[in-house]
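Novice: Position chain B relative to chain A; hints supplied.
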Amino acid sequence: MKLVPLIPESKPVKYPYYRSPAACGFVSPAADYLQETLSLDQLLIRHPAATFFARAQGQSMEGAGIFNEDILIIDRSLTPKSGDVVIALLDGELIVKRLVYRGSKPVLQSENPDYHSIVLDSEQNLDVWGVVTEVVHCLR
Amino acid sequence: MKPVIALCDANAFYCSCEQVFDPSLRNRALGVLSNNDGCIISRTSELKALGVAMGTPAFKVRHLLERGEIVLRSSNYPLYGDMSSRFMSVLEQFTPALEVYSIDEAFLDLTGFPDEKLESMGREMKARVDRWTGLPIGVGISTTRTLAKLANYAAKKYRATEGVVDLTSPERQRRLMEITPVGEVWGVGRRIGKRLENKGIHTAAQLVDCQRKWIRREFSLVLERTVCELQGESCIAADDQGSDNKHQIMCSRSFGKRITTLDELHSALACYISRACEKLRAQKQFAREAILFIRTDPFRQNSWPMGGSIRMALPEPSADTRPWLHLLRPALEKLFHEGGEYKKGGFVLLDLCRSQSFQGDLLAIPPHPEAPEKESVMTVLDAINHRFGRNMLRPASVGFEKQDWHMNQQLLSRCYTTRWPDILRINT
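Which chain is which? The protein sequence lines are A and B, in order. Residue 6 in the numbering used here sits at position 6 of the first sequence, and the numbers go up by one each step. Residue 73 in the numbering used here sits at position 73 of the second sequence, and the numbers go up by one each step.
Because the hints were derived from the structure by calculation, they are not lab data. Computed from a prediction, not measured in an experiment: that's the story for all the values here. Heads up, a few of these hints could be off.
As the list claims (entries may be wrong) - In silico SDA-like cross-links for lysine to any residue, where the CA-CA straight-line distance does not exceed 20 Å:
id, chain 1, residue 1, chain 2, residue 2
1, B, 126, A, 47
2, B, 334, A, 48
3, B, 48, B, 65
4, B, 48, B, 37
5, B, 126, A, 79
6, B, 156, B, 118
7, B, 334, A, 37
8, B, 157, B, 11
9, A, 81, B, 130
10, B, 126, A, 75
11, B, 334, A, 41
12, B, 199, B, 216
13, A, 81, B, 131
Extracted from the complex, chain A is given alone in its bound form:
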């Protein structure tokens, strides 16, 4: 039996666009164009201090592209506006719904015909925890 040392991988692996091989002679002309690596954080997170993650539970938002166990990226710094998918506080519990307005009444709308929406009496009863900006969905 051979024992393989297990080295904990603590950092995300990064792939540079191009890395000059350690060759003798001339420096690669491409070395000047070496770029920063791509980071998903840079793509998906605009306000790191205000960004939180959560895992969605349930089917009621499938029409918005949010499936059970998907990861939600939530930006608390944004002001919620009509049409945003939001995390709202309802009866002491956090839920994911689409915020729309019916007249002056805020509605927490489900995106699945099998589920109903929640109409709030007034703006005062609306308590938004954060705005969902992206969804991470695993395909396998």
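Specialist: This is chain B only, laid out in the frame that chain A set:
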């Protein structure tokens, strides 16, 4: 130019962190316990209203817990460390001259901003920290640190202020000092407060009227500085960090230049660790928990703000520098990102205790310099548990049944912001 200093601090910080992620805890009498679930170290106003004092041992409130009148949580330092670094980043948007004073408070230098803007700026700070992080804060603004602390005290004490007090005008300073007990002044404390009262000094206003020489002769140079500060003369330097804080020791500052390599970062933070541990030993205390953080310059153009904090823990309380230095490199390797230009870093020792006696942890293997293989075993174990869930890997002697053997954290919430398996779960 007249200096202007703001003190921002979070209300019942540990409790507030818990409430952000568990809304059912809002408006509840909630307390957070020290390590080993010993005593209460953070209280919501509802818990204070029940007459539960700071430092109350957990067993003394067991009856209230069983009746469901109060809720208790074990301290969750990974969560608090992360929320603290978010809080500080939001404040840094207002001025780069930010001095992190402790895990939940910071001094901001607002010198040069027009007087009439200060209060609205304070309100904007409070609103933005609340919106971005969910943490409620108080803001006190004045011309010295001690006066800023006094303003902050008023912001917490008087509801009408809505959490923000601009105390730059001498008339307002005078009026507030007349109604503030001398013991509430920053740097006075209970013992000196008693002695002052014996000499007929009951309010902050009476203290500020004292002759400085007399104060130095009868009390100390330290108290004389406090009087100078109350009179509007800045005497307490940025370096006097945490001198009044018995629950934590902090060593943090901006680097002299932007640091881009892991090695440089390592030596800078090793220095902070040594200093913090020196202070710890000077206070004859021990610590088991610490938070390490690094941050890039948020004002730098074209660069992505990076940084983060990491919680470090020893198997048992220690006053030794070396075990922390052992943990430093792996911690930095986790936090450091290539390409980052780091501007600031810090090390905070938390949950200090007076003695080393501690209910031993079943798993505790004391880090031994002579036994490096033991340590690397622990490192891999921790890394695996970090990735796949706490206690996923444990010695067979602990048993295979799921059990609550980790007695000292019975009421622990999840690490919502620092471990993927722990993130919030939200129903659609």
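Novice: Decide if the proposed pair is consistent with the structure: residue 48/B and residue 65/B, CA atoms, cutoff 20 Å inclusive.
Specialist: Judged against 20 Å, a Cα distance of about 15 Å means the pair holds.
Novice: Please work out if residue 81/A and residue 131/B have their alpha carbons no farther apart than 20 Å.
Specialist: It holds: about 15 Å lies between the C-alpha atoms, which stays within 20 Å.
Novice: Sort out whether residue 130/B lies within 20 Å of residue 81/A, counting only the CA atoms.
Specialist: Answer holds: residue 81/A to residue 130/B is near 18 Å, not above 20 Å.
Novice: Starting from residue 156/B, check that the Cα of residue 118/B is at most 20 Å away, please.
Specialist: Within the cut-off at roughly 18 Å; holds.
Novice: Would you check the hint for residue 334/B and residue 48/A, treating anything up to 20 Å between C-alpha atoms as holding?
Specialist: Judged against 20 Å, a Cα distance of about 17 Å means the pair holds.
Novice: When you check the alpha-carbon spacing of residue 199/B and residue 216/B, does it fall within 20 Å?
Specialist: 14 Å, holds
Novice: Can the restraint linking residue 334/B and residue 37/A be considered satisfied, given a maximum Cα separation of 20 Å?
Specialist: Distance ~17 Å between residue 334/B and residue 37/A Cα, so the pair holds.
Novice: When you check the alpha-carbon spacing of residue 126/B and residue 47/A, does it fall within 20 Å?
Specialist: The given pair, whose Cα atoms are some 17 Å apart, holds under the 20 Å limit.
Novice: Is it true that the CA of residue 334/B sits at most 20 Å from the CA of residue 41/A?
Specialist: Judged against 20 Å, a Cα distance of about 16 Å means the pair holds.
Novice: Quickly compare the C-alpha distance for residue 157/B and residue 11/B to 20 Å and report which way the hint goes.
Specialist: Holds, because 11 Å separates the two Cα atoms, which is no more than 20 Å.
Novice: For a C-alpha distance cap of 20 Å, please report whether residue 48/B and residue 37/B respect it.
Specialist: 19 Å, holds
Novice: Residue 126/B and residue 79/A were given as a pair; does the straight-line alpha-carbon distance stay at or below 20 Å?
Specialist: 16 Å, holds
Consistency note: the structure conflicts with none of the earlier hints.
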